[in-house]
Each structure stands twice: as structure tokens, then as C-alpha cells.
Amino acid sequence: MIAPDKAAPAAPTRAARFSAAGRATFDLTLRLGGLAVAIVLVGLVFQSFNDAFLNTDVIISILRSMSSVAIMGLGLTLVIVIGEIDLSVGAMYGLAANSLAVIWILGGVPVQFAIPLVLLIAVAVGIFNGVLTTVLRIPSFIVTLGSYNLLYGLSLYVTHAGTFNPNYPPEGYTVEPSQLNFFVDLTMQFGTHQFSVEVFWMLGLVLVVGFLLHRSLFGFRLIAIGGNPVAAQLARLPVRRYKIMAFILSAVIASIAGILDFSFIQTSQPDLGLSQTFPVFAAVIIGGASLAGGKGTAIGTLGGALLLAELQIGLALLSPGPHAQQIFLGAVTIGAVALDLGLTRLRARRAA
Amino acid sequence: MTAAARMEIRGLRKSYGNTRALDGLDLDLAPGEVLGIAGPNGAGKSTLVRILAGEERQDAGELHVQGKAFALADAARMVAVVHQEPQLFPNLTVAENLLVGREGVRMLRPATPASDRALMAALGLGPYIARPLAACTLAVQQRTEIARALARDARVFLFDEPNSALTDEESDELFREIHKLADAGNIVILVTHRLGDLVEHTDRVVVVRDGRIAAELRGEGLTEEAIAKMLVLTEHRAAPDAARIARETRQHSALLRVSGWTHRHRAFANVALHAMRGEILALMGVEGSGARELLRSFAGVETADGEIAIADATGRAAIGRLTAYVPATRQFSLYSNLSVGENVLVRLGRPDIADAFGTLRPKRMRSLAADIVRRFQVKTRTLTQGIRSLSGGNQQKVAIAQALAFRPRLLLLEEPTRGVDIGARREIYRLLADFAADGNAVVMYCTEVPEMFEAADRVIVISDGRLSAPLTVVDHPHVEALATEVTRLERHGRAG
Chain A
1 MIAPDKAAPA APTRAARFSA AGRATFDLTL RLGGLAVAIV LVGLVFQSFN
51 DAFLNTDVII SILRSMSSVA IMGLGLTLVI VIGEIDLSVG AMYGLAANSL
101 AVIWILGGVP VQFAIPLVLL IAVAVGIFNG VLTTVLRIPS FIVTLGSYNL
151 LYGLSLYVTH AGTFNPNYPP EGYTVEPSQL NFFVDLTMQF GTHQFSVEVF
201 WMLGLVLVVG FLLHRSLFGF RLIAIGGNPV AAQLARLPVR RYKIMAFILS
251 AVIASIAGIL DFSFIQTSQP DLGLSQTFPV FAAVIIGGAS LAGGKGTAIG
301 TLGGALLLAE LQIGLALLSP GPHAQQIFLG AVTIGAVALD LGLTRLRARR
351 AA
Chain B
1 MTAAARMEIR GLRKSYGNTR ALDGLDLDLA PGEVLGIAGP NGAGKSTLVR
51 ILAGEERQDA GELHVQGKAF ALADAARMVA VVHQEPQLFP NLTVAENLLV
101 GREGVRMLRP ATPASDRALM AALGLGPYIA RPLAACTLAV QQRTEIARAL
151 ARDARVFLFD EPNSALTDEE SDELFREIHK LADAGNIVIL VTHRLGDLVE
201 HTDRVVVVRD GRIAAELRGE GLTEEAIAKM LVLTEHRAAP DAARIARETR
251 QHSALLRVSG WTHRHRAFAN VALHAMRGEI LALMGVEGSG ARELLRSFAG
301 VETADGEIAI ADATGRAAIG RLTAYVPATR QFSLYSNLSV GENVLVRLGR
351 PDIADAFGTL RPKRMRSLAA DIVRRFQVKT RTLTQGIRSL SGGNQQKVAI
401 AQALAFRPRL LLLEEPTRGV DIGARREIYR LLADFAADGN AVVMYCTEVP
451 EMFEAADRVI VISDGRLSAP LTVVDHPHVE ALATEVTRLE RHGRAG
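The listed protein sequences derive, respectively, from chains A and B.
To convert, note that position 258 of the first sequence is 258 in the numbering used here; the numbers rise steadily by one, no gaps.
To convert, note that position 209 of the second sequence is 209 in the numbering used here; the numbers rise steadily by one, no gaps.
None of these hints come from the bench; they were simulated from the model.
Hints are supplied without guarantee of correctness; some may be wrong.
[What the hints assert, rightly or not] Between beta-carbon pairs, the in silico distance windows are:
{"#": "1", "chain 1": "A", "residue 1": "Gln-233", "chain 2": "B", "residue 2": "Arg-257", "range": "23 to 33 angstroms"}
{"#": "2", "chain 1": "A", "residue 1": "Arg-137", "chain 2": "B", "residue 2": "Gly-124", "range": "34 to 44 angstroms"}
{"#": "3", "chain 1": "A", "residue 1": "Gly-330", "chain 2": "B", "residue 2": "Arg-20", "range": "30 to 40 angstroms"}
{"#": "4", "chain 1": "A", "residue 1": "Tyr-173", "chain 2": "B", "residue 2": "Val-301", "range": "32 to 42 angstroms"}
[Claimed, not checked] Pairs of lysine to any residue residues, derived as SDA-like cross-links and limited to a Cα-Cα distance of at most 25 angstroms, are as follows:
{"#": "5", "chain 1": "B", "residue 1": "Lys-229", "chain 2": "B", "residue 2": "Ala-495"}
{"#": "6", "chain 1": "B", "residue 1": "Lys-68", "chain 2": "B", "residue 2": "Arg-6"}
{"#": "7", "chain 1": "B", "residue 1": "Lys-229", "chain 2": "B", "residue 2": "Gly-219"}
{"#": "8", "chain 1": "B", "residue 1": "Lys-363", "chain 2": "A", "residue 2": "Arg-215"}
{"#": "9", "chain 1": "B", "residue 1": "Lys-229", "chain 2": "B", "residue 2": "Glu-200"}
{"#": "10", "chain 1": "B", "residue 1": "Lys-180", "chain 2": "B", "residue 2": "Arg-6"}
{"#": "11", "chain 1": "B", "residue 1": "Lys-68", "chain 2": "B", "residue 2": "Leu-29"}
{"#": "12", "chain 1": "B", "residue 1": "Lys-180", "chain 2": "B", "residue 2": "Ala-76"}
{"#": "13", "chain 1": "B", "residue 1": "Lys-379", "chain 2": "A", "residue 2": "Val-206"}
{"#": "14", "chain 1": "B", "residue 1": "Lys-363", "chain 2": "A", "residue 2": "Ile-299"}
{"#": "15", "chain 1": "B", "residue 1": "Lys-363", "chain 2": "B", "residue 2": "Phe-406"}
{"#": "16", "chain 1": "B", "residue 1": "Lys-180", "chain 2": "B", "residue 2": "Gly-126"}
{"#": "17", "chain 1": "B", "residue 1": "Lys-229", "chain 2": "B", "residue 2": "Ala-139"}
{"#": "18", "chain 1": "B", "residue 1": "Lys-363", "chain 2": "A", "residue 2": "Val-206"}
{"#": "19", "chain 1": "B", "residue 1": "Lys-229", "chain 2": "B", "residue 2": "Arg-20"}
{"#": "20", "chain 1": "B", "residue 1": "Lys-229", "chain 2": "B", "residue 2": "Ile-422"}
{"#": "21", "chain 1": "B", "residue 1": "Lys-180", "chain 2": "B", "residue 2": "Ala-139"}
{"#": "22", "chain 1": "B", "residue 1": "Lys-363", "chain 2": "A", "residue 2": "Leu-237"}
{"#": "23", "chain 1": "B", "residue 1": "Lys-363", "chain 2": "A", "residue 2": "Leu-207"}
{"#": "24", "chain 1": "B", "residue 1": "Lys-180", "chain 2": "B", "residue 2": "Asp-203"}
{"#": "25", "chain 1": "B", "residue 1": "Lys-379", "chain 2": "B", "residue 2": "Arg-426"}
{"#": "26", "chain 1": "B", "residue 1": "Lys-363", "chain 2": "A", "residue 2": "Arg-347"}
{"#": "27", "chain 1": "B", "residue 1": "Lys-363", "chain 2": "A", "residue 2": "Ser-216"}
{"#": "28", "chain 1": "B", "residue 1": "Lys-229", "chain 2": "B", "residue 2": "Asp-464"}
None of these values were measured; they are calculated from a predicted model.
We put the CB at the ideal spot given by N, CA and C, even for glycine.
Let the sequences and hints guide you as you build the complete structure.
Set out below in C-alpha cells:
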């Protein structure tokens, strides 16, 4: 101590006792709670229209059909949290399924090796997106809009615009039954209600991404960089490396979704996944992530995907026509964000 | 058109929360005169500018032009503010910039009227008429801003630190325009930190302090020394105490050594400098002097070449491992999406807040954050509340605590107590002194003499990229003495 005449450090006071709960926790609880309430309410509304809605079969089919959007959404959440955009997730999903079909069925590479090869392609795509965004400083919206089309083009090229089904390989090619079984078992269905293992893949990935985002140093810095990239740069956080990592994870997770859906549906088409692009964004946004960066949770994205799948299947059962699904998708996306902003402003005004 | 309109300001008051920015300010503005406004940061200068420009409304008090009340709508038309950074449309040409807001009601794209052409020619903008503003120099952009104001018949011209980024020739040219505006019967106000410009180019200088006019200088009384003295006569400043003098006379070894240090864009060249262990060194200089760039180059934020050694490391490794930098605006150091606790920990990594596998250690983070918050006396109710819920002074403490948590040997600060109330300021200075006393060093960029007087051990004055010989603060018995010396060195540097 060099300043003996100055006031001694204040004795620990009431202010020095820190409670665990605070505003940040409260915000999150409110958002996730709101999402849970919305999911239950929508379920009850559908039930009131159609007694058959809330039964095990429907619930299982909702869980299965939400899984690919949810998985892609988890990867996209990482990119959105760091303050970037990845429009190429849907196209990556398609390229993963298509290149797996080509490498495995046409190339004859055993599926157990073909899958890691596909994941390597995804890593390359992630590096491509990440490096163009961070090193050449092209806005990620532009980069991934480009790679969306590039990847779709690649899918068309490698498949010669054809479709593949491992059960019915093209003439002159064979698929070993053991490999086919391994592949189909990735999304094996069991039990009387045909519960698919794909749901467990989804839950497992929620745990992995949730851990990354909320319990690891990687996620802590991801959120910080997304919240204030300039400050992160000035504080010498590894901004560039983390952004590239986020794009790699997004592409890899999207390919996992593509591989799993290919295993479940067992048919690949060149344009697979393209139409999923915007539903994936919607799920992430409904889940509470902010396109401005710095905000987003794994569990929120899961909830967003669940709400969308619920609406989709519920409306399909009511069969008012395909227009209703689209209209609801749009309304729910805008409504969720509007509600969120409204509540935030209301509380800011109260606090002031 | 009222060619010569006087403006009277009476009892102007404005508060932000608990902070009183203007406290009953009275001021008369006469046409044909260049009025200088000086004042320390946070004295109410910028609030006055914002109210005059119509960007904000006063809480109380009146503005009269020629005896008539002056409304916000008048401000938009009558008052022109020429900013340090012109606020124009960079994607439009110079001529188009003049037209924005006065396009008229015709459906066709408006053409440049002859009067605009004459106006631009008079301001020397002729060659640039069709050039996109983004491709013009700052000086041309500022003249465009003047032209834009003249085109809409503005009567009051407010220049807010206009020449901080201009070359000497550009700056001379700007002042010629400023005098022309005054001679044409406009009210012209110059707000600047450059005392030389105030003396040379204004008829009268008022010093704003604590939200009112504290002094008015004109004629013989208008000298740099007189303004400097008025600027530092704020509240009582702690004189260097025995402990600080003892610190000064103790044997030190250098912690930071720099030689042949040259900025990539030549904001400074061939700088040699050192900072001792235990020392707080202030770099003083107005905007554009190179002082800020010099500080930022030690943090690796600005690129410079030359030799740098910190403790036992050299070059980029030393900068990366041993320095921590706190920018002037908290906007660039704090994360609004993170809590108070997360904000103080954000620069840390393994093994402080995460294990070898990168898993966060929440318990350790909580205790570490609680410890830091307590040590740096951040007044917060919880660790998990948003950073925005803290007062400005406490946010600044979080910004400094965040940098110190990184355990640097050399702490680099820009204007560390800007917008911070007096109580928090004292605490911040004490934190810096404690940090230095552990055998580290602090280098800070300052624009205000009282700050250096209270916090620094040595001061280096920088003007036009040249460094003065260091001043030892304890050699100066009171803040005015230091201010006089700093002013002398600054003028000397400009002349040399």
C-alpha cells in the first residue's frame, strides 16, 4: 500500500454479498417460460379442434419431424450468437446427404468411412465460409448466400441431378446389406409407436451445443464476441478463430442433420434441405437468439423448432391447406420477436 | 432577412439523471463575433452545443433570438453545426449533399440551382461538385457542411473541434472561412481544446465550468495561460502527498522501453520513451497530436514499428502478453449482453475461469468475480445484473477491473475518468496507484491537466507527433503551475 493516508478499502458491506439470481437469469427464464407456455397453448388449441391431436403417435411424429430443423438450428445458433449469419445450413444438409450417397453407393466406400469423409467436406465448407467472412471481411450474409448456391450446385453436380436410395442402388452398383443396416439403424425406429432414434440424436446434440454455449470457455467468449466485437478485438480475444470455428460447427452439425434424415427417409434429392433454410432461421429466432449477436440458447432453439413442428403437424391434421402452415410460420416468427421486444421495452420503462 | 440577430441565453438548465450538466447558464451571442467556448470534459460544453443545435431540449431556461423565443424548429434551420466528423451523406456528391432537405415538392429529381453553384464556388468547392463525398478529404467535407448550412440560410455557425484532424494548411483555410462567416454578420461559435486557436481566432472566450459560464476572457486578458488557468480551477484537487513524493524518489528500473517507435501513418515518428516500475505516466495532447495513437500503439491497436520491451519480453509477444488496454469509451470495453460478473472475467481464459478441457468453472468464476468486484469497489447489488444497470463511474471501474484481471504489467488507459463523478474518480486513481505500486506501470492518455496532476507521476506533452521532455508532477506546487507548464510545452512543440 503506497497511500496510507487514503481511505482504507471499505469494509465488506451489504453490497458485498451477492445473490445468485439477477436480471440476466430472469430475462432468460421469462423468454423460455414464454416459449413453453406458447407450446402448451398451441397444443391445447389444436386439441380443442381435434380430439385426436394429443396422442402418443402425433407427439412422436412431431418430435421426429422437428429434429432436422432443431439440429440445424443448433449449429446456426452458434453462428448467430457470434453475430454472423449462415444461410448455407440447408444447402449443407442437402450436400451432406447427396455426397454421402455418391461416396457410398457409387464410390463404394463403406458407409462407416463415407460418413467421416462427408463431415470433412462440412469442415471445409465451414472454413470457406469463416475465412471469407473474417479474413476477406465479406459480410457473412453475402458469403453464405453465395455458398448456399455453390453447395446446391455441387449437389447437382455430384449426383448428376439424380436421386439415390441405398435400398435400390443404380444398375451396376451394390450396397452391402450390413452397411445398409448400419445406416438405417442410425435412425432406427422401435416400440409400438415407431419412436425414432433420431430424436435421441437431437437431444444429444442439444446437450453438446448447450454445453459448448453455456458451460465452456468457447461459448462464454462466443457470447462476448457477439455482444461487442470491437471490445473483443481490443481485448485481444481470438475473434477471427472463434468465428471460423462457429462456421465449421454450423456446417458439421447441418451435415449431421442431413445424414440422419437421409438415413430416415432413405432417399436423397439434389435440392434436399433448401426449403428448410428459413424454417431453421425461424426456429432460432423464435428461440430467443438475436440477429444482432450475443444472445441465444440451445434450449430456446429446441423450443422454437418444437413450436414450428407442432404448428406444422397440427395444421396438417386440420388440413385447411398448405397456405395455413406458411401463414402461421410467418406470423409466429414476427409475433415472437415483437412480443420479446415489447416486453423488454415495457420492463426498461418500468425500471427507468 | 434579419441580417444581424443577437442571441440571448438565459438560465439554461439540463440534467441527465442525477447529473446536472447545465446549471443556469447565461450567455449573449453577438453577430459578427467569433466566440470561443472552452471547458473541461463534462463541464456542460457539449450539452450546450446539443441544445443550440436543437438535438436536445433544455429542462429550463430560455433562448431568444432578436427578442423572440427560439424553438427547436428554428434551431434546425438557423443553427449549423460543423462537427469534427461531418454528419453528411457520404454516398451523395457534394452538390447533392447541399440539396438534401431542400428538394422542393416537384416530382423530378431536383437539379442543382445556380445559387448553390455560386455558393460552392465561393467556398472553393467548385472542383468537387460532382464527386461523391466519401471520396473527398475531411476538409472538403467540412466545407460542404458549411455550404449546406449557408444554402439553408443558417445564421448561427457552431464549430465543434473542427480542425482536430486537419493539416495545418487545411486548418488555416477553415479559419479564413470562419472569419468570413463572422464578417458577414453571422453568429460564430468555436468549441475547441486547442488554446492557441482560441487565442488566435476568437474575439472572446467563455469558460464553461460546472454547467455555467465561469469566466469570460477578451482583449489583453485572452491568453493561453489565462484560459489554461481557468480550465483547471475546478473543485479542489488532491496535491501530491508524501507517499507519492516518496514513490517518486524511490529507485526504479524501467518497465517499458521504446525506441525508434514510428507509426505506420506517421502520427508520430522515431519516439523514444520509458516508463518506470511503479510509475503512472501521462501522455498529454489534443486530438490529432499523435498522443492517442502513441498509447494505442503500445496496445497493438495501432501499428507501429521499432523496438519495444516490457519487463523481460520484447516485440509483439510483450504487447500481447503484458499489456491491457482500456479504450476511452466504455462502449468499446463493456459487453451489454453480459452481466457485471461476466464483464470483469471476459478477458480471462484457462486456467483462471476454465479447466484444461475448456469447461467453465462456475464456482471459481463466481468467487473470482466477487473478489474482483469487491477489490475494485464496484457498487453493484448482484454479480448477475446487467452491466447497463450500473452508474457511469461504476461501469468505468468494471472496464478497468476487466483489464487488470488479465494481470498485465503495463496498463494502458485513454481518458480514464471521462464522464465519471468525483467520488468514483478518486477511487479509480487509487486503483491505478495500487496497481503501479506492485511494480507495474500505467500509461494514460489525458486531455485534462487536473487529471494528470492528481493521478500521474510524469507528463509528456505531445504536439504534432513530437514529444516534450517529461514533466515531473510533484515539482509543481499546484495545478495551475502544471497547466502553465503544459501549455508552454504544447505551444513550443507546435512552433518547433
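Verification of the supplied hints:
{"no.": "1", "hint": "Gln-233(A) x Arg-257(B): 23 to 33 angstroms", "in the structure": "holds (27 angstroms)"}
{"no.": "2", "hint": "Arg-137(A) x Gly-124(B): 34 to 44 angstroms", "in the structure": "holds (36 angstroms)"}
{"no.": "3", "hint": "Gly-330(A) x Arg-20(B): 30 to 40 angstroms", "in the structure": "violated (49 angstroms)"}
{"no.": "4", "hint": "Tyr-173(A) x Val-301(B): 32 to 42 angstroms", "in the structure": "violated (59 angstroms)"}
{"no.": "5", "hint": "Lys-229(B) x Ala-495(B)", "in the structure": "holds (21 angstroms)"}
{"no.": "6", "hint": "Lys-68(B) x Arg-6(B)", "in the structure": "holds (10 angstroms)"}
{"no.": "7", "hint": "Lys-229(B) x Gly-219(B)", "in the structure": "holds (17 angstroms)"}
{"no.": "8", "hint": "Lys-363(B) x Arg-215(A)", "in the structure": "holds (12 angstroms)"}
{"no.": "9", "hint": "Lys-229(B) x Glu-200(B)", "in the structure": "holds (17 angstroms)"}
{"no.": "10", "hint": "Lys-180(B) x Arg-6(B)", "in the structure": "holds (18 angstroms)"}
{"no.": "11", "hint": "Lys-68(B) x Leu-29(B)", "in the structure": "holds (14 angstroms)"}
{"no.": "12", "hint": "Lys-180(B) x Ala-76(B)", "in the structure": "holds (22 angstroms)"}
{"no.": "13", "hint": "Lys-379(B) x Val-206(A)", "in the structure": "violated (37 angstroms)"}
{"no.": "14", "hint": "Lys-363(B) x Ile-299(A)", "in the structure": "holds (23 angstroms)"}
{"no.": "15", "hint": "Lys-363(B) x Phe-406(B)", "in the structure": "holds (19 angstroms)"}
{"no.": "16", "hint": "Lys-180(B) x Gly-126(B)", "in the structure": "holds (18 angstroms)"}
{"no.": "17", "hint": "Lys-229(B) x Ala-139(B)", "in the structure": "violated (32 angstroms)"}
{"no.": "18", "hint": "Lys-363(B) x Val-206(A)", "in the structure": "holds (23 angstroms)"}
{"no.": "19", "hint": "Lys-229(B) x Arg-20(B)", "in the structure": "holds (23 angstroms)"}
{"no.": "20", "hint": "Lys-229(B) x Ile-422(B)", "in the structure": "holds (20 angstroms)"}
{"no.": "21", "hint": "Lys-180(B) x Ala-139(B)", "in the structure": "holds (16 angstroms)"}
{"no.": "22", "hint": "Lys-363(B) x Leu-237(A)", "in the structure": "holds (23 angstroms)"}
{"no.": "23", "hint": "Lys-363(B) x Leu-207(A)", "in the structure": "holds (21 angstroms)"}
{"no.": "24", "hint": "Lys-180(B) x Asp-203(B)", "in the structure": "holds (14 angstroms)"}
{"no.": "25", "hint": "Lys-379(B) x Arg-426(B)", "in the structure": "holds (14 angstroms)"}
{"no.": "26", "hint": "Lys-363(B) x Arg-347(A)", "in the structure": "violated (30 angstroms)"}
{"no.": "27", "hint": "Lys-363(B) x Ser-216(A)", "in the structure": "holds (13 angstroms)"}
{"no.": "28", "hint": "Lys-229(B) x Asp-464(B)", "in the structure": "holds (23 angstroms)"}
Comparing the model with each earlier hint shows violations of hints 3, 4, 13, 17 and 26; every other hint is respected.
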